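**Q** Given the coordinates of chain A, work out where chains B, C and D should sit on it, guided by the hints.
Protein chains in written order, with this note's numbering: chain A, 1 to 378; chain B, 1 to 378; chain C, 1 to 378; chain D, 1 to 378.
To be clear, the hints were calculated from the coordinates, so they are not data collected in a lab.
A few of these clues could be false.
Intra- or inter-copy, both count: the list cannot distinguish identical chains.
Derived DSS-like pairs (lysine-lysine); straight-line CA-CA distance at most 30 Å [said to hold, decoys possible]:
1. Lys-313 with Lys-3
2. Lys-313 with Lys-209
3. Lys-332 with Lys-107
4. Lys-24 with Lys-176
5. Lys-281 with Lys-269
6. Lys-313 with Lys-176
7. Lys-281 with Lys-332
Computed from a predicted structure; not experimentally measured.
4 protein chains.
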Amino acid sequence: MSKGTVVLAYSGGLDTSCILVWLKEQGYDVITFLANIGQDEDFEAARKKAESLGAKKVFIEDLRAEFVENFIWPAAQANAVYEDRYLLGTAIARPCIARRQVEIARKEGAQFVSHGATGKGNDQIRFELTCYALYPEVKIIAPWRIPEFYSRFHGRTGLMEYAQNHAPADLYLMTKNPEDSPNDPDVLEIEFSHGVPVKVTNVKEGKSKDSPLDIFSYLNEIGGKHGVGRTDIVENRAIGMKSRGIYETPGTTILLSAHLDIETFTMDKEVRQIKRGLDIKFAEFVYNGFWYSPECEFLRHCIAMSQVNVEGKVQLSIFKGQVYILGRESPKSLYNEELVSMDVLGDYDPCDASGFIRISAVRLREHHRLQGYHGAKQ
Amino acid sequence: MSKGTVVLAYSGGLDTSCILVWLKEQGYDVITFLANIGQDEDFEAARKKAESLGAKKVFIEDLRAEFVENFIWPAAQANAVYEDRYLLGTAIARPCIARRQVEIARKEGAQFVSHGATGKGNDQIRFELTCYALYPEVKIIAPWRIPEFYSRFHGRTGLMEYAQNHAPADLYLMTKNPEDSPNDPDVLEIEFSHGVPVKVTNVKEGKSKDSPLDIFSYLNEIGGKHGVGRTDIVENRAIGMKSRGIYETPGTTILLSAHLDIETFTMDKEVRQIKRGLDIKFAEFVYNGFWYSPECEFLRHCIAMSQVNVEGKVQLSIFKGQVYILGRESPKSLYNEELVSMDVLGDYDPCDASGFIRISAVRLREHHRLQGYHGAKQ
Amino acid sequence: MSKGTVVLAYSGGLDTSCILVWLKEQGYDVITFLANIGQDEDFEAARKKAESLGAKKVFIEDLRAEFVENFIWPAAQANAVYEDRYLLGTAIARPCIARRQVEIARKEGAQFVSHGATGKGNDQIRFELTCYALYPEVKIIAPWRIPEFYSRFHGRTGLMEYAQNHAPADLYLMTKNPEDSPNDPDVLEIEFSHGVPVKVTNVKEGKSKDSPLDIFSYLNEIGGKHGVGRTDIVENRAIGMKSRGIYETPGTTILLSAHLDIETFTMDKEVRQIKRGLDIKFAEFVYNGFWYSPECEFLRHCIAMSQVNVEGKVQLSIFKGQVYILGRESPKSLYNEELVSMDVLGDYDPCDASGFIRISAVRLREHHRLQGYHGAKQ
Amino acid sequence: MSKGTVVLAYSGGLDTSCILVWLKEQGYDVITFLANIGQDEDFEAARKKAESLGAKKVFIEDLRAEFVENFIWPAAQANAVYEDRYLLGTAIARPCIARRQVEIARKEGAQFVSHGATGKGNDQIRFELTCYALYPEVKIIAPWRIPEFYSRFHGRTGLMEYAQNHAPADLYLMTKNPEDSPNDPDVLEIEFSHGVPVKVTNVKEGKSKDSPLDIFSYLNEIGGKHGVGRTDIVENRAIGMKSRGIYETPGTTILLSAHLDIETFTMDKEVRQIKRGLDIKFAEFVYNGFWYSPECEFLRHCIAMSQVNVEGKVQLSIFKGQVYILGRESPKSLYNEELVSMDVLGDYDPCDASGFIRISAVRLREHHRLQGYHGAKQ
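Just chain A, same shape as in the assembly:
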């Protein structure tokens, strides 16, 4: 008799194939779920493999458009960067995948979900917090945290892990080595509305894209071609330990540059300063697995509200691993060439600056004066 049904996040690879077989051994019916979020994968081969290994049902779903619109775009509005350097690839893919996985679990009447994330990493947390948030009663089977499983498969993984950590060159799938990248820059114009790109144009080629998925894919393509967005960092995992990460985020890197630029151009100084604090918190929460949480929901709303006037066009040159801003224009610009020009005084009286500075100095002068302290009483 079956112990129940498990929906397994299946990749088609060795790890989750082992898990599939093992779950069946343990007496579960297994439904596999494989999400297409843009990775390079032979989905039909994966389907056949899952079926041949005894999956009761196989779901393969194209979440690419949803991933871009509902996950990458809000992260772009938030200039989401973890610890100043990591541009949050997997961290936002996990909740997208897990959300669909629990939908399938509910629909198929499965009480269990399972995944192949390891027991020291971030992905287990991102995966499971999403599941608990959206399907509180769900039971989670995490084989890499179950002694019978991991003691059996341990050595092999250790080997793979080792390989991964000691052969970083192979890790770059999307980006060219900047040294081998073209000697001619590509020049892009990205058009924003409400803080998200609505069109990207290759200025020299005249080519343009205007659906979210096409735009993002194109940014990845151009970024990849020029070796943009490779990083080798040490980061602090949710679970408290430092780990080394080698990432490539070509499209997101271009997007971040462009969004920062158009945002500063169109957003009030103080609003942006507040928003920046929210951005930093948002990236931390997302990194730590809390995409689906009251706090991230709240932050997404606040951040979205700040983007109402973030519209306009940014021109960028992409070259040898770098993104250069060439210029920007916007109907909602707060940049006022006349106001800032030395040529035109208009309404601005430079004498006001003297008052401004002297008032700003009141506190500093007091501080200095009181270094030779005296008494006071109130």
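**A** Just chains B, C and D now, kept in the frame of chain A:
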């Protein structure tokens, strides 16, 4: 009869030469002060010019070492970046120069100081707040805010301003165009102690530098050679208006990358998160002219305290406008290869992660459950 | 010939009466505006006085309901407290008054507005920033900053100021001395919806109020009767100097207690932590005069969004200057008696806490271990 | 044969007595440790009880002075309040007790420690994080999280818990009901140095205390006599659930009022704003059990640094549950009566305020102007 003595921050250029003459016309004795903080300048020519225009005394002083050690190094410890993009060149040069200027004023018994900064910019504020903070009784003459002066010299400046804003190519003095930069990277190793560089080595050439000034000059040289650190941004001035800035900060850009890396490698996660908040505030205060203020003093102390264990070596490749981290090592590293490895469990029990996640989810599950709200009473 | 029309914020007192006369002497037509925001004032007497002193028109308007709904309520949602102790009375009255004043100015075609706030205080800033924000072209006449005016009236004000600062007992107009207050507490029940009170009931007397103005007036009355909300503080003015303030905010003090309580009861922990950061910023901006600013607008929107589920009832006892929370209830409560009870385990597995704690300790144990540092390389 | 030695945090009560017996049943040698941190307890009776139940050794230690100096004082410097209302009693007692407990464990060669904290509360976390931080190899036995234990003793505890939650009146051990408190205030003068009290004087009685322990005990006594510091709140536990807490913190409440006052009087505005952010973080970390952590260590250093000039005397009246500030004086005061007075202009030119305000308004006027947006290009 003299109205008193003015110490004028003199650049040798047309603007401050006009101011020198004008101040004398107004009846002041003028002492000029020209600080060498590393700019490309013919200091002897400037001395002669000042003398020929009637300066009572001429001070020309080499502040380069002091600038690097007491201003650039603390800013590096703070990863100082304003509004995510501006690496604070002039903002930290101003207090360095003005500090010396008021020392001269005190020593020479001058009640006045003067400068050529314009009436809409940031530099007037940085200059004057430093003066008031360190010499509270000083009187400041800012000709570009005095109608008789600016109405007389206005047109000319407008012209120059215009030229500046519309001919950005000429603005780059330190950095090569990345397109024209070498096709071979330079590989540097920067050694840190207490969060500041103590040695830089060109790994291929075997060449190294170990005094602060030599290190920073060398970073500027190598960065400049490879076109590192050019930016074209719109920023929010202290005075509330947006302006466009085109900057080149080759050495600081390399330094920021390296410092971020060694800091994350050696600093506890939560300490770094707190420090990051302090860093952001520090950069804002400094940008706005408050280097000499109780708050910046406090922040510098806190930040310096956080750097006690920030030591070790970072290897970087500098190429075509980019800085790539190649690796890092440190005797104070908090990176623990064993702890993070899937291969070794050691003291780490993966089952703990299940508990961690489930407890983290308590709040999320409650939130979900209570969407179909019910009453409660306490 | 008239120099133009000025709308003067008129109080009926000596100061603004002098200003009225002086403005006329200077050749202006003067319209007076007196706002009723709940102060104790003989408005008809003030009208006659203004007319007799030559006001061209006299506006007296009841802004009480607007003040409560559009200013006090949003501040209550934000738990607005400046520097941990000042509950922002005048700071939120000023923008309310000035907003109406510039409306009158526009309607009456007046290019000028004027007020009686002094040249070292906060109110001049709050008043004028509101005017500039809502009527950018307006010209402001601030007599207490005009040498001809203040040198003439100076001594008298000094005297009054002195009196004010040295006779604090007279300053309490709304609150009884707690020592003389009733020996029986009043027990109130305040009902909230969307974070603002919609009803207050005196539980013993069975009396209740349900319009915003009535609710707030009643809280002031009951608070005043029991001596609630007196404070004697030193605060930091916008303009950089410390000043002593003696305040009484009976209604706001009760409201803050009650709102904090119902908010914590119904709002997610992490959302509240984010909101608290926004609250602190909001109070600072408002204190400094920026009620009408992009940043305060943004914060008000974010804060209002956080209040959607802040509903329920709080019972409080008001006694001898204190506010005691007796209990709270809410249909949106996140308090779950079962979950928190030791009696019921339900879904909660205490073993999870072991994992939670051990994972939380990973970082701490590493930190300890690495005090006897070793090298690491990555 | 013994399974090893456990050091048990023993209270003398029923719970930890059961644990003592149960640990012995399980085959451990048990050493009990009872810390005196000022609670009302018959320590000799507890010693006898522990011995009679079979403790191998009994440690009873007076940690009161250490608790005040090393835990309460730093918390006072930090104005430590969790979620705006909880003044952190137990949260700072736990690390004090656990620190000594692991010292004993090390000294006695015990590999185990144990405690009676329940499996849903905060104290288990505070206790265990301290143990792991200071004795990383320690093994912790938490019986209330071990099924065999809690299923056996469950009902009884549930009952006690229930009693506690439904009979709050009995919970107040230190404070009188304000309604029954004296009709005459006590007036205290607290003298601070480096942000901690060095003397408290009862002004009417002329009595004074000057050792940390005596000062804090006296504040508790006077606060208790007047019913100061009772609160009934709902708070968010570390573990994510909301719980109701009824607290009494008489001494800490007086201390917080006095410290806030002298701090604002002597600390620069902007420094205090930064410090306030640190204070809030500190209280959160401590509440969540991280007293011994790199982040709390860092924060304590920063906060201590901010207290260098926090010295002077505060006079307070304590009456019917309230603390009223009567006045303050300090040799390091930044309050400048002349500067703030309308009577004296001295160096202050009111015209500067016009400039200050107009410059502050530049951004606001631009914002308004651009509501009728136009294009711009840069």
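**Q** Hint numbers the structure violates, sorted upward?
**A** 1, 4
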